[in-house]
Amino acid sequence: MMEKLILMRDRWAATPWVRQAVVLFSVFGPATIAAMADNDAGGVATYSIAGATLGYPILFLLFIITPLLGITQEMGMRLTLVTRRGLADLIREKYGVKVSLFIFLGLFIANLGTITTEVSAIRTVSGMLHIPVWPFVVIMLLIAFAFITKGNYKLTQSIMLIVSLFYLTYIISAAKANPDWGLAFSNLFYPHGVVWTQQYLVSYLVIGMGVLGTTITPWGQFFISSFAFDKKIDKDTLKYSQFETYWGAFLTDFFSFFMIVATASTLFVRGIVLTSGEQAAEAIRPFAGDLAGTLFAIGILAAAFMGLVIVPLSTAYAFSEFFGLSGSLDSDYQKSKTFYILFIVQLVAAASITAIPGISLFHFAIATQTLNAMILPLVFFYLIKLTSSKKIMGEHANNGFQKNFTTIASVFIVIASAFTVIAVVFKW
Amino acid sequence: MAFISELTGRPVTDFDGTQIGVVKDLVARSYKEFTHPVVDAIVVHGKAGDRAVPYSDLAALLSAAIPLKRPAASIPAYEFGENDIRLVDDVLDKQILDTDGARVVRVNDIELVRVNGNVVVSNVDIGMLGILRRLGLEKLGRWTAKRFNTDLAVGSISWEFVEPLIHDKSMRLKVPVEKLAELHPSDIAEIISDLSRAEHSDLLHKLDIKQLADTLEEVEPDFQADLLEHFTDEKVADVLEEMSPDEAADLLNEFSPERSQDLLKLMETEEADEVRELLRYDEDTAGGLMTTEYVSVFPDMTAAETIDHLRKVGEDAELVYYVYVTDNQEHLIGVFSLSDLIVAKPDTPILEFMHKRVVSVELDTEQDEIAQIVAKYNLIAVPVVDAEGRIHGIVTSDDALDKILPTAWKKRLPHFFGALE
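If you're matching them up, the sequences are chains A and B in order. To convert, note that position 271 of the first sequence is 270 in numbering that gives the first Met the number 0; the numbers rise steadily by one, no gaps. To convert, note that position 68 of the second sequence is 67 in numbering that gives the first Met the number 0; the numbers rise steadily by one, no gaps.
What the hints contain is simulated information worked out from the structure, not anything from laboratory work. Check before you lean on any hint, since a few could be wrong.
[Claimed, not checked] When the alpha-carbon atoms are kept at most 25 Å apart in a straight line, the in silico DSS-like pairs for lysine-lysine are as follows:
no., chain 1, residue 1, chain 2, residue 2
1, A, K97, B, K138
2, B, K23, A, K93
3, B, K93, A, K97
4, A, K389, A, K402
5, A, K390, B, K138
6, B, K375, A, K93
7, A, K97, B, K23
8, A, K389, B, K138
Construct the entire structure; sequences and hints are all you get.
Listed below in structure tokens is the structure:
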């Protein structure tokens with residue numbers, strides 16, 4: 000009798016589709032978060048300015064960025080699944096302290112830029128909702144700090160939900176704004192339909208770098224491994240996580256696509272130069288009507304908060320991996336003290352930078368996300384090297400396509416970075 | 000005293016003074032009778048590639064340039080031994096096991112000292128200062144540490160307590176069992192969660208059944224199953240017997256129904272029956288969480304008789320602090336604690352000092368509710384009864400609170416994602 004009961008209980012769980020669903024969902028949770036977090040306030044601002052300034056042709060970039068995002072995230076995931084070490088761990092072990100410090104500084108600067116963009120978004124929201132700036136910023140930073148140190152799953156979930164709903168408003172708005180769908184979709188495959196002036200080309204280059212840097216982030220490369228740590232490595236897990244990272248990449252850019260279409264079909268067609276939150280909110284007016292401003296403010300606030308929580312955390316975890324924080328400090332208290340100091344430094348520094356007068360969220364977002372993109376090849380270099388190494392990865396080393404695609408993309412990013420710097424310095 | 004970070008890159012000169020290359024690595028050999036390994040050779044990186052030169056052919060090692068004693072061409076190649084450690088390749092920047100502090104730490108630098116004409120590995124540097132030295136900023140580090148009156152930056156572990164975890168190879172622990180035996184199972188569990196698969200599998204094979212069972216109880220069931228993947232069924236069955244029945248049941252739930260049945264058959268009948276009983280209940284209810292190893296007595300016993308009884312059965316019980324009183328049909332009618340028992344006069348019948356209002360939970364009570372009850376009444380364990388009030392087992396407070404306070408394994412993820420698992 001008893002044995003029968005055991006069998007019955009297990010048989011249900013052993014049903015193929017139930018097992019598959021369980022495996023899939025357990026893998027999906029974190030990946031969806033990572034994908035969502037890619038579209039933080041900086042992301043919304045960047046996609047808005049991309050759509051408003053460049054119209055549909057910028058969509059072509061998504062066609063290249065999406066596979067690049069998927070493949071590089073999968074590399075990071077696979078690296079950790081096979082070695083049970085994070086990207087930072089392995090860079091430290093194989094390339095030593097100096098390289099580690101160099102990459103950490105790059106990551107730190109890129110992350111500080113991203114955090115500053117989030118704070119800048121909070122300031123924009125305070126303006127839109129007529130709340131005094133500094134009290135609002137300070138309160139939000141305090142909440143973020145409490146959130147990082149204490150953590151709250153329910154709140155995380157609610158914020159994710161608000162952000163997802165916010166993204167959905169873009170999809171509905173894009174549909175209601177009567178965009179030229181033919182032009183939008185054909186632009187995914189080749190950019191066309193605009194006059195290619197020199198000014199347009201320069202904008203395309205700089206903003207394109209921004210779009211790249213906000214979609215594929217250096218911190219994302221370090222963050223992905225924390226999800227892979229506890230998983231078992233077998234053929235199936237590898238297959239699922241591969242599918243999962245590709246799906247995550249698709250999801251990220253699915254939303255990006257509609258954000259760009261919504262802004263392109265509302266702002267670009269009317270020739271509005273994006274400088275304020277109110278203008279950016281116009282993109283969701285087809286859905287939200289007069290509530291557009293308020294809805295945009297709440298949505299971008301939630302997106303900013305999400306970035307404010309995840310990005311400083313990724314800096315702290317990378318620091319601890321690179322420099323063995325837990326080892327150099329004896330107790331958990333000491334460890335968390337260093338973690339706290341790192342958080343506070345990042346949040347305060349970001350808030351101080353936004354105090355510099357004349358910084359607009361949208362221009363600042365482009366600048367910081369471009370910086371993100373410029374640091375990417377550095378991270379990719381080590382990621383590709385590590386994941387291509389047969390010695391480290393064994394049979395799970397990169398195949399030719401994975402290696403070549405990412406290498407060529409990295410080279411292009413380096414060239415584009417150089418042109419961007421020249422374009423900005425010489426004011427083309 | 001010297002640091003390996005200072006030695007690497009130093010020029011190595013031939014007998015005639017020409018440079019043949021620079022120091023790339025140091026090879027240290029461990030000897031049974033000595034806790035610290037001795038430098039036995041250096042790896043020289045030259046134009047023709049790397050070559051290992053025996054220590055005995057060096058005129059000096061801890062000097063600005065390293066001269067050879069005889070012409071390089073006449074020196075035979077160094078033969079690597081089984082106990083050789085390449086300090087740069089295998090240890091520097093890698094994670095090691097600090098058996099004194101029971102933790103996994105990263106090596107920032109390695110300290111060498113001269114002892115009777117030999118160079119010996121004395122300590123590994125795990126502090127911030129080691130990192131700063133590698134970056135050429137040691138002075139700045141010392142100055143800052145002094146200025147702020149803190150020794151945070153300094154940290155080193157004597158090699159005596161170091162277990163290198165050699166990656167890409169299966170780990171060979173030097174004196175594992177003796178050292179590991181002194182560690183608390185929680186510490187072993189913590190260490191295992193920091194190790195890679197190949198590393199922890201070796202470590203687990205070194206533990207005896209009792210240690211293995213204790214260690215497994217400190218990690219989550221799905222990870223337990225993962226850890227035991229390469230163990231034979233016989234050994235897993237032995238471990239299951241050693242574990243408390245509730246933990247064993249949780250672990251069995253992680254295996255396929257077939258393997259779980261096979262394992263139950265391999266176990267001693269008595270232990271297997273206890274586990275089978277628990278397997279009937281859902282994992283997150285009192286029935287699934289409870290252990291059947293509690294102590295119960297009859298109300299007509301005296302305090303002295305009870306103490307004698309406890310001496311006999313206490314060994315097998317998970318918890319003897321609470322003693323439950325039942326009638327001969329196992330109906331729970333009272334409870335008393337060890338302190339009640341010891342304070343009572345030897346000939347007092349239990350009926351006179353037992354508490355008759357017993358806080359209990361039912362077999363299907365959910366874990367959250369049990370946790371609340373345990374917290375509310377400050378209990379170390381709570382008895383589990385069926386609808387007729389018969390006692391079936393007890394849920395200890397650590398099992399009840401497990402969900403709220405996750406075990407070591409879950410600490411790794413940022414905590415607000417923990418719940419998503």
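Comparing the hints with the structure gives:
| no. | hint | in the structure |
| --- | --- | --- |
| 1 | K97(A) x K138(B) | 17 Å, holds |
| 2 | K23(B) x K93(A) | 14 Å, holds |
| 3 | K93(B) x K97(A) | 15 Å, holds |
| 4 | K389(A) x K402(A) | 13 Å, holds |
| 5 | K390(A) x K138(B) | 38 Å, violated |
| 6 | K375(B) x K93(A) | 52 Å, violated |
| 7 | K97(A) x K23(B) | 16 Å, holds |
| 8 | K389(A) x K138(B) | 40 Å, violated |
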